[in-house]
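K.L.:
Spelled out, the chains give:
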Amino acid sequence: MKKETMKRAAAAALSAVMLLSLGACGEKKKDAGEDSGESTHEITLQVGSDSALKGLEEVCKLAESEIGIKVDIEYTVAGTDTDNLIKTRLSTGDLADILVYSPGALLMTLNPSEHFIDLSEYDFADKLDETYRSSVSNDKGTYGVPMGTTRAGAVMYNKKLYKELGLRVPGTWDEFMENCRKVKDAGKNAIICTMGTSYTVQVPVLGDMYNVLADNPDFIAQFEKGETGFAEVPEGTESFQKLADTVPFYQDGYTAATYDDGCEMLVSGESAHWIMLTSALTNISSLYSDQINDIGVFAIPGDDPENVGITTWMPNGLYGNKDSENVEDVVKFLEFFVSDKAIETYLANDAVTGPLCVKDVAYPESTPDAVTEDMQSYFDSGKVSLAQEFLTQVKGSATTEVCTSLITGQYDVGQAVKAYDEDCFKQAEQLGIK
Amino acid sequence: MKKRTVYSYWFLAPMLVIYVTLFIIPIAISFFFSLTNWTFEGWSFCGIENFRTFFTEPALYSSIGNTFIYAFLTSSLKVVLAFLIALFLTSAIKTKTFLRSAVFFPNLVSMIAVGLTFKAILNPTKGILNQCLAWLGMEGRDWLGDVSTALFAVVGVDVWKGLSIAVVIFIAGIKSIDTAYLEAARIDGAGSWQILKYITLPLCRPAVNSVILLSLIGGLKSFDLIWSMTGGGPGYATDVIASVIYKQYAAGYYGLSTAGNVLMYLMIAIIAFPLQKFLLKAEEG
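For the protein sequence lines, the chains are A and B, in the order given. Heads up, the first sequence is in the working numbering, so the first residue is 1 and it goes up one at a time. Heads up, the second sequence is in the working numbering, so the first residue is 1 and it goes up one at a time.
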């Protein structure tokens, strides 16, 4: 009997030792991390991008010589996969010192007050443009500084081709459709669709926000409370109708075409229009710099030729990790990032895709005409609205799927609008926005 | 006698501790969180609300359908094709060793790499497949972009990739058959069809069962290949249960996606356990 008790005790002790050693592994790792941070002024920065960001890289190089901080840039995949990576790293505490990420509603899903450094107590936060600042702030603080300029979700078009075919910038959606038919009749492709880079299919719908708000100024406030939806207002349904209208004009093989293919098709004059975020100007200027001024931009038109306005997106922000071991260096770098010198360097290496987000900074000389002429005119006349994701946290996660289903004919317009509203409602419910 | 049984359990204890901490406890926790509204800030209890929301998911029913089509199609194709290939590779051919490695080769490549490679091959305008078809005077299709072909295109790739393991299991099964049976049959004047039907097939029954079970469960929880090839698209056309859950998780709906996982766990268990029992019984009988 006694023997058995001893055996029992021995086995229990053995398993206890195993458990303890598991715990000890975790402990040890943490210590090692703390040590390495102290001696060097090196910080890490995580950015989701498929291509190298020259502007960011040059500013980081400048930071090393100017303020003695070396930034180690880690590129991660772009798109929805980056969201999962970030969320996983946030919950396991593995996030880099600085995260580059979308402002607005997407930032809010990361619960910024919990994870990011509040910048509102620092002076440099006051340099931010108010509209931008509101998109990186909540009631508890301000968290980001802008990387680059604003963008618009609008129709990018090939000006050479327009001239060749004698077309004018359309004032209404019907005129736009008429232009597309003329392009098609001339044997060219009228509209580019890049479903291979899946998120791009939602731009025509999201870029129509100005037209939705033009006739329904209180739409977002009511939408957030669940009192209305896109299916409830005619302009909301029209946004999806517009997407459906464009489908017959897409190029062959549009389901597999990628973002880069889109840039190439537009620049080559093979295609006339691409309803896309104007951040594509960055890509176009780095790949086809001598042709950048062949590209023009006009807003997605509505019904009223007197009231054509553009829907804008705010640039990604740099957010400092609150749990970083280098908080001081991180703040120092963020302050440097919005200094005149850094912005000048950034813009010299990255196309300007829209008006700037830091007060009192001039456009560099190389700015494309599409920004200084086309887009600026909307900003000058105040015909600008923010995109949905910056106005409200409520933006369904399946917008891409809904739009793709509409394009591929699995949904009709009515079903698509309804599915979009339901998806938004589900998101509001799940994330506790009410 | 009884004493000895208890004693042996102590040797299992360390293993059991790991199993409980890394498997049983997370399952229990996930059952709990599936009943909550779970965000970064904390959780609040919401009863079976998540399960109700999960069942109203627009892509749910089509994704369940897709999951079954995918699982049964890949499983049955693998069983039939792999058996034929295994028969061929166990027969008296010269390049046997080379062919066996060639068949096994796809298994050495990671699933995501296979997915991305085939995505390029199946590209409607630039892909090799459609260019070859055009060269032969046939018209290719938009394999992954067309709602009606996307799922089957992925199934085809899954079979190509998963065939090798099934072939290896079948080869082992066929090789383990005692040659005495074959000799006896031949002496009795049995033809190759009769040998196949009355000796090879019944005697490699365990191998058949393993392949069915492994490939069916693999198909039911399949995710990586579908995600890398189509991302569940176009629209919801190739969404399976796992990709629906993944997208919910990606959107930050942690409670909801946990509820989905619990349901998927139950669903696979409900299919796999009786199937295994049935197959084992058939094997014994």
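By construction, these hints were calculated from the structure, which means they are not laboratory data. Among the clues, some could well be false.
Facing chain B, from chain A, some residues (calculated, C-beta under 10 Å) [claimed, not checked]:
1. 253
2. 256
3. 257
4. 339
5. 397
6. 400
Even for Gly, the Cβ is constructed at its ideal location relative to N, Cα and C.
K.L.:
Output the numbers, in ascending order, of every earlier hint that fails for this structure.
P.N.:
When the structure is compared with the hints, only number 4 turns out to be violated.
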